[in-house]
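Residue numbers (the working numbering), protein chains in the order written: chain Z, 1 to 253; chain G, 1 to 253; chain R, 1 to 253; chain W, 1 to 253; chain V, 1 to 253; chain D, 1 to 253.
What the hints contain is simulated information worked out from the structure, not anything from laboratory work.
Here the structure is a predicted model, which is why all the values come from computation and not from measurement.
Just to be clear, a hint being listed does not mean it is correct.
Which copy? The list can't say, so a pair holds if one copy fits it or any two copies do.
[As the list claims (entries may be wrong)] Okay, derived cross-link-like pairs now, PhoX-like style, lysine-lysine, Cα gap no bigger than 25 Å in a straight line:
1. Lys188 <-> Lys145
2. Lys23 <-> Lys157
3. Lys23 <-> Lys188
4. Lys57 <-> Lys188
5. Lys23 <-> Lys145
6. Lys23 <-> Lys57
In case you want the letters, here they are:
Protein chains: 6
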Amino acid sequence: MLLHLSSWPEIDAQINSDAPLAKTVIVPIGSNEQHGPTGLLGTDWLCPEIIAHAAEKTDGDLMIAPTFNIGMAQHHLAFAGTISLRPSTFMAAITDWVASLSRHGFERIYFLNGHGGNVATIEATFSEIYADWSFIGDRPDTILKLRNWWDLPGVQKLCEDIFPVGHGSHATPSEIAVTQAGYPDRVKTADYSPRIAPNGPIRDALDYRARFPDGRIGSDPAQASPEKGQRIIDAAIPALIADISAFAAEVLP
Amino acid sequence: MLLHLSSWPEIDAQINSDAPLAKTVIVPIGSNEQHGPTGLLGTDWLCPEIIAHAAEKTDGDLMIAPTFNIGMAQHHLAFAGTISLRPSTFMAAITDWVASLSRHGFERIYFLNGHGGNVATIEATFSEIYADWSFIGDRPDTILKLRNWWDLPGVQKLCEDIFPVGHGSHATPSEIAVTQAGYPDRVKTADYSPRIAPNGPIRDALDYRARFPDGRIGSDPAQASPEKGQRIIDAAIPALIADISAFAAEVLP
Amino acid sequence: MLLHLSSWPEIDAQINSDAPLAKTVIVPIGSNEQHGPTGLLGTDWLCPEIIAHAAEKTDGDLMIAPTFNIGMAQHHLAFAGTISLRPSTFMAAITDWVASLSRHGFERIYFLNGHGGNVATIEATFSEIYADWSFIGDRPDTILKLRNWWDLPGVQKLCEDIFPVGHGSHATPSEIAVTQAGYPDRVKTADYSPRIAPNGPIRDALDYRARFPDGRIGSDPAQASPEKGQRIIDAAIPALIADISAFAAEVLP
Amino acid sequence: MLLHLSSWPEIDAQINSDAPLAKTVIVPIGSNEQHGPTGLLGTDWLCPEIIAHAAEKTDGDLMIAPTFNIGMAQHHLAFAGTISLRPSTFMAAITDWVASLSRHGFERIYFLNGHGGNVATIEATFSEIYADWSFIGDRPDTILKLRNWWDLPGVQKLCEDIFPVGHGSHATPSEIAVTQAGYPDRVKTADYSPRIAPNGPIRDALDYRARFPDGRIGSDPAQASPEKGQRIIDAAIPALIADISAFAAEVLP
Amino acid sequence: MLLHLSSWPEIDAQINSDAPLAKTVIVPIGSNEQHGPTGLLGTDWLCPEIIAHAAEKTDGDLMIAPTFNIGMAQHHLAFAGTISLRPSTFMAAITDWVASLSRHGFERIYFLNGHGGNVATIEATFSEIYADWSFIGDRPDTILKLRNWWDLPGVQKLCEDIFPVGHGSHATPSEIAVTQAGYPDRVKTADYSPRIAPNGPIRDALDYRARFPDGRIGSDPAQASPEKGQRIIDAAIPALIADISAFAAEVLP
Amino acid sequence: MLLHLSSWPEIDAQINSDAPLAKTVIVPIGSNEQHGPTGLLGTDWLCPEIIAHAAEKTDGDLMIAPTFNIGMAQHHLAFAGTISLRPSTFMAAITDWVASLSRHGFERIYFLNGHGGNVATIEATFSEIYADWSFIGDRPDTILKLRNWWDLPGVQKLCEDIFPVGHGSHATPSEIAVTQAGYPDRVKTADYSPRIAPNGPIRDALDYRARFPDGRIGSDPAQASPEKGQRIIDAAIPALIADISAFAAEVLP
C-alpha cells in the first residue's frame with residue numbers, strides 16, 4: 001500500500017490485520033542534491049522511491065510511507081539545486097516521523113535510504129530516539145532499521161558486475177541508471193571530462209567543489225542506461241521484500 | 001522546470017538567465033494526514049503538487065522544488081497514517097530549505113500551501129528567518145511568500161460555486177476532487193454519516209477525534225469528482241502563474 | 001483578581017472554589033514596539049492589560065495573570081524602543097507560562113492579545129503544546145484560547161464606526177485611543193505626513209522602515225482621543241466577560 | 001523615561017543625545033512567585049519596578065524598560081499562582097531582550113533584579129551572550145550588569161537595621177514592605193506560625209513545600225509596613241542613580 | 001572507587017550494598033583554561049580530581065566519577081589552550097551525566113567543582129533538572145549538590161593563612177600549589193609583572209585580556225609550592241569526606 | 001605536548017612556531033561505559049588517551065588535548081556505571097570544543113576515537129559544523145578528521161593476529177589489553193560464560209542487556225594481557241604519528 005494514496009480507514013485496517021507485514025512500514029529516504037552533469041537532483045530520493053513503489057506492486061502488503069526527500073547534503077551546497085537539512089534538523093524531523101508512525105501502531109520502521117551522506121545522521125537519530133527509553137529503562141514501542149538500497153542482498157554485487165570500472169561513489173552509473181529506468185524521458189547526456197571523476201575526502205561545500213568540479217566522485221555515469229537500471233530494480237525488489245520480511249519477523253529478546 | 005528532475009547545470013543556467021522568473025522558486029508544501037473516510041492521506045501535499053506541476057507544463061520557466069510533504073498535523077494524529085512534525089521541527093526544516101535555495105541565488109521563494117494547519121507555523125518561520133536580519137539591521141537575501149492554493153485569485157470562489165453546500169473546511173469536496181483529477185484510479189467511496197460533517201474548534205488529537213469521528217469537518221466530499229477537480233486545477237494554473245509573476249516582479253523599497 | 005497582587009492562599013482558594021470562572025485565567029499578551037510618531041511603545045501590551053484590569057473591576061471573579069509584555073515584533077526592530085522575542089523564544093516562554101498555570105489547576109487559559117504579529121506564533125505554540133499530548137494519545141490538562149481584543153464581539157465594529165476612515169492596521173486610532181484612556185497624561189501629538197499612512201506587506205525590519213517611514217500602516221491616529229478610547233474599553237468589558245464565561249462553560253467532548 | 005510610555009522618536013532622540021545616561025537602559029527583572037501567606041505573588045518583579053520607576057521620577061534621564069516579570073521560580077511551583085520559566089527559556093528570552101536593546105544603540109544594559117533565584121541563570125545568560133563574541137574574537141556591542149536591588153549600596157544594611165530579627169531570605173519583611181509602600185491598598189495579614197519561618201536548602205517544588213509549608217524561608221514578614229517600605233525605597237533611589245551612573249561612565253579597556 | 005577503573009559488576013555491587021555512601025557519587029568538575037604565565041591549563045579540573053582521588057585512597061567507599069573536564073570559560077578564550085562550552089551546552093551535558101548516574105540508582109550526586117566560572121551554569125542546570133519534576137509535581141529521583149573545593153570547611157581559611165597577600169581570584173597560589181603537588185614535574189616559573197595581578201570585572205574574552213594581560217586576576221602565584229599544595233590537599237580530604245557523608249546522610253522531608 | 005599540563009604561553013608559542021604539527025591538535029575521545037565482567041568502565045576513553053600520551057612521549061611536538069571522556073553510550077545504560085550523552089548533546093559539546101580550538105589557531109583537529117558507537121554522531125557533528133560554512137559559501141577555518149585507534153594503519157590487523165578467535169566487537173581482548181598495559185594494577189578476571197559472547201544488533205539499553213547479559217559482544221576478553229596490550233600500543237604509536245603528520249601536511253584544494 002502506498003500510504004499517501006490510501007485513506008485512513010484503509011491504513012487502520014491494514015495495521016490491525018493479521019498480515020505478516022501489518023505493523024511494518026517502509027520509509028524511502030534520500031536527498032535532493034547535485035549528481036554530476038547529467039544526474040537528476042532528485043536521484044537519491046527517487047531511487048528508493050522507485051524501488052519501494054515497484055516492490056509494492058509485487059507485494060501489495062508492503063506499506064510505503066511518503067518519501068522523505070530532503071536529507072543531509074551540506075557538502076553539495078555549492079551546486080545549484082541542492083537542498084540540505086542540517087544534521088540537527090534532520091534528526092528532529094526523523095524523530096517526528098517515527099513518533100507519528102509509532103503512534104498508529106507501526107512497531108517496525110524500515111528506512112530504505114538512497115544517500116550515503118545520510119547514514120551517520122540517521123544512525124545518530126536512532127540513538128537519540130532510543131536514548132529516551134534507555135535513560136528511563138523502558139522498552140521502545142518501535143524498532144528502527146536503516147538499509148541503503150545498494151546494500152540490499154545481491155544488489156551491490158550486481159552493480160559492480162554491470163559497471164566494473166568507474167562505478168565510483170557519487171553520481172554512480174548505478175543510481176543514474178535506476179532513475180533512467182524510472183524517468184526514461186529525463187535521460188541527459190554530457191561530455192564528461194575526465195571520463196572517470198576523481199576521488200577524495202568529503203568536507204564542506206567549497207572544498208567539495210574544488211575537488212570535484214562537476215560534482216561526480218570516482219564515477220563514469222555515461223555507462224548508465226534505462227535497461228541497466230531496470231536490471232538493478234528487478235534485483236532489488238525481491239531483496240527488499242525478503243529483507244523487510246525478515247525484519248518484520250524478527251523476535252525480540 | 002521540475003528541480004528534482006533536472007541536473008545542477010540546468011538549474012544553474014536557469015537561475016543565471018534573463019528569464020523573469022529566473023530567481024523565483026515555488027515550493028509545494030502540505031501535510032500527510034487523514035482526510036475522512038475516502039480522502040487520500042496525501043491530499044494536502046498532492047493538491048499543491050498537482051497544481052504546480054500542471055502549471056509548469058503550461059509555463060516551463062516555472063521552477064518547482066520538490067514537494068515538502070509533511071507539515072503540522074498534530075490534531076490528526078488519532079487517525080492512522082497521519083504524519084506530523086512538531087511546529088518547532090517544521091520551522092527548523094523550512095529554515096534549512098530556505099537557506100539552501102537562497103544559497104543558490106533564488107531571491108524569492110513562494111510556498112504554495114495545501115494545508116490550513118500549516119499557515120501559522122509557516123508564518124512564524126518567516127518571522128524567525130527575518131528576525132536574523134532584523135536584529136542585525138541587514139536586508140535578507142531572499143523574500144518569502146505563502147499562498148494557499150485555494151486563495152489563488154478566483155479559486156475559492158469557483159470551489160464555492162461548484163459546491164455551494166457542504167464545502168466545509170477539512171476533507172472538502174474541492175481538495176478531494178483535485179486529487180481525484182490527479183489520481184483517478186484512486187477514487188474511493190463511502191457512506192458518509194452524517195452527510196455533512198460537524199464543525200467545531202481544533203485542539204489536540206483526541207479532542208479532534210471525539211468531535212469529528214470520521215475526520216471530516218463541515219464537508220460533504222461525496223460531491224467530488226475528477227471532472228470537478230480538473231475544473232479547479234484549470235482555474236488555478238493561470239492564477240498561479242499570474243501570482244508568481246507578480247511576486248517575481250515586485251520592486252523592493 | 002489580579003494574580004500578581006494576590007497571595008498564594010488567595011489564588012489557591014479561588015481555584016478550588018465553586019465559582020464558574022475558578023479554573024480559568026486570562027493572560028493579557030502583547031508586544032513592546034513602535035506605534036508611529038505618537039503611539040506608546042507599550043501600546044500592544046497596555047491595551048489588553050487596560051481592558052482586562054477594567055473587566056476585573058466589573059467582575060472580581062476574573063483571574064488576570066501578569067501581562068506578557070514582549071512578543072513577536074521583529075519587523076519593528078528598525079525603530080528605537082522595540083523589543084522582540086524570536087518566534088522560537090516566544091514559543092518556549094508561552095509553553096512555560098502554560099505549564100505553570102496548568103500545574104496549579106487552571107484548566108482553561110485565555111490569551112487576550114493586543115498584537116496581530118503575535119497571532120501566528122501563539123497559534124503555533126498551542127499546536128506545539130497539544131502535540132505533546134497528541135503524540136502519546138492523552139488528553140491535555142488544559143485547553144487554550146487566543147482572542148485579540150479587537151475581535152471581542154462588537155468591538156471591531158465599534159472601532160470602525162468611530163474611525164470609518166484611516167483606521168489602518170498598525171498604530172490605529174483605536175489602540176492609540178485605548179492607551180490614551182488608560183494613560184491620559186501620556187497623550188502625544190505630531191504632524192502626520194501623510195495623514196493616512198501607506199499600506200503594504202510586512203517582512204524584515206529594514207524593509208518595513210523603507211515602506212512605512214514613521215512606523216504607521218494605513219492609519220491616521222490623530223483621530224484618537226481618551227474619550228473614544230474609553231468608549232472602546234466600555235464595549236470590550238462586557239464582551240470579554242461574556243467570551244471568557246462561554247469559554248469556561250464549554251463542555252469538552 | 002519609561003520606555004513603554006514613550007514613542008519611538010522620543011527614545012531615538014534620547015539615545016542619540018549627549019546625556020550621560022543616553023546609551024544606558026535599566027531592565028527591572030524579577031519573578032512571579034509565592035511570597036508566603038501575605039506577600040504578593042508579584043513581589044519580586046514589583047520591587048525593582050517600584051524602585052526603578054521612583055528613581056525615574058527623581059532623574060528623568062533614567063531609561064526604564066518594561067519589567068521582565070517572569071523569571072526562574074521552579075522551586076515555588078507547588079504554591080498556586082507561581083509562574084516560572086525554565087532556565088533555558090529564561091536564557092533565550094533575556095538574550096532576545098538584549099539583542100533588541102543593543103540593536104537600538106543601548107551600549108549598557110543594567111538588570112535591576114528582584115529575585116535571588118534569578119541570579120545564576122542571568123549570569124549564565126551573560127556568559128552565553130558574551131560567548132558568541134569570545135568564540136570569534138570580537139568585542140560585544142553591549143555590556144551587561146546585574147544588580148539585585150537589595151545589593152544597591154547601603155540598602156541591605158538598612159534592611160537589616162530595620163529588621164534585625166527574622167529578615168530571612170524569602171518573603172522577607174523588606175520586600176513585603178516595599179510592595180506595601182507601592183500598593184498600600186493590598187496589604188494583607190495572617191497569623192504566621194511559626195512567627196519566624198525555618199531555613200534550609202532549595203531544590204525542587206515538592207521538597208520546598210515540605211520544608212517551608214507556608215512558603216517563607218527564615219522570615220517574619222509581620223514586621224513589614226508601608227512606611228518601612230518607603231524608607232527602603234528612599235534609600236534605594238539615590239543608590240540606584242549612583243550605581244547606574246558609574247556603570248554608564250565606566251571606561252572600557 | 002574510581003568509577004572508570006572499575007567494572008560494571010563492581011559498581012553494581014557497591015550501589016546495592018549497605019555502605020553509607022553506596023548511592024552517592026562525586027563528580028569532579030572543572031574547566032580547561034589559561035591560568036596565567038605558569039599555571040597549567042588543566043588547573044581547574046585537575047584540582048578537584050587530585051583532591052577527590054586522594055580522598056578515595058583514604059576512604060575506598062567514595063565513588064568518584066570520571067572528571068568533567070571542560071566547563072564554562074568563555075572569558076578565557078583569548079588565551080591559547082582554553083576550551084569552553086557555551087552555558088547552554090554545559091547545561092545539556094550535565095543533565096545527561098545526571099540522567100545516566102541517576103539511572104543506575106545514585107540518589108545523590110555531588111559535584112566537586114574547581115572553577116568559579118562554572119557556578120552559575122551548574123546552579124542553573126540544577127534548576128533546569130528540578131523543573132522537570134516541579135512542573136509535574138513529582139519528587140526527583142536524585143538530589144544534587146555543588147561544592148567548590150575551596151569552600152570545603154576550613155580550606156579557604158587555610159589558603160588565606162598560607163597566602164595572606166596576593167591570593168586573588170584567578171590563577172591563585174592555592175590552586176597552582178595543588179596542581180604542583182599533583183604534578184611536581186610540571187612546576188613552571190616566570191617573572192610576573194606586576195607581581196600581584198590587577199582586579200576587575202569579568203565580561204567577554206577580549207575585555208578580559210585587555211584588563212588582565214597575562215591572565216591572572218589579583219594573584220601572585222609565585223608563592224605556590226608543592227609542599228603548600230599538599231597541605232591544602234591534606235586539609236581538603238577529611239573535609240570532603242565529612243561533607244559528602246553529611247550529604248549522603250541527609251534525611252529528605 | 002599535553003595541553004592540560006602546559007601553560008597558555010607554551011601553547012601559544014607552539015601554535016605560532018614553524019613545527020610541522022604546530023597547528024594540529026589531537027583530541028582523544030571515547031566513552032565511559034560497561035565493558036563486560038572485567039573491562040574497565042573507562043576503557044573507551046582510556047585507550048585513545050593511553051595511545052596518544054604514549055605517542056607524545058615519542059614525539060613531543062604532538063599536541064594532545066584533554067580527553068573527551070563521555071560519548072554516545074545509550075545502549076549500555078542498563079549496566080551500572082555507564083554515562084552517556086544524547087547524540088544532540090554530544091554534537092553540541094564537540095562543536096564547542098572545535099570552536100575553542102579553532103579560535104586559537106588550530107587549523108586541523110584530529111579526533112582519536114575509542115568507541116565505535118561514537119562514530120555516527122561525530123561524523124554528523126562534522127557535517128553540522130561544516131554546514132555553517134556551506135550555507136554561506138565560505139571555507140571553514142578548521143578541518144576535522146576522525147580516526148578510530150584500531151583503524152590506524154596496521155593496528156586492526158595486529159589485533160586480529162593476536163586474537164584470531166573471539167575478538168568480537170565490544171569488550172574486545174584488544175581494548176581490554178590496552179587498558180591492562182596502561183593500568184596493570186587494575187587487571188580483573190572472571191569466569192566468562194559463554195567464553196565467547198553472542199553477536200546481534202544494537203538498539204536500546206534493555207534490548208542490549210537482554211541480548212548480551214554480561215555486556216560483551218562476540219568477544220573473549222580472557223585472552224587479554226598487559227603484554228599483548230603493550231604490543232598494540234607500540235604498533236599504534238608510529239601509526240598515529242604517521243597519520244597525524246599526513247593530515248597536517250595535506251594541501252587543501
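For each hint, the structure was consulted:
For a Cα distance limit of 25 Å, the shortest separation of Lys188 from Lys145 qualifies neither inside one copy, at 34 Å, nor across copies, at 33 Å. Taking CA atoms no more than 25 Å apart as the test, Lys23 paired with Lys157 passes in neither setting, with 31 Å inside one copy and 43 Å between copies. With identical chains, the CA atoms of Lys23 and Lys188 are at most 25 Å apart between copies only, with a shortest distance of 23 Å across copies and 40 Å within one. In the homo-oligomer, the alpha carbons of Lys57 and Lys188 lie at most 25 Å apart only across protomers (19 Å), although the nearest pairing inside one protomer, at 28 Å, exceeds that limit.
For the identical chains of this complex, Lys23 and Lys145 are intra-copy neighbours only, at 14 Å inside a copy versus 37 Å across copies, given an alpha-carbon limit of 25 Å. For the identical chains of this complex, Lys23 and Lys57 are intra-copy neighbours only, at 19 Å inside a copy versus 39 Å across copies, given an alpha-carbon limit of 25 Å.
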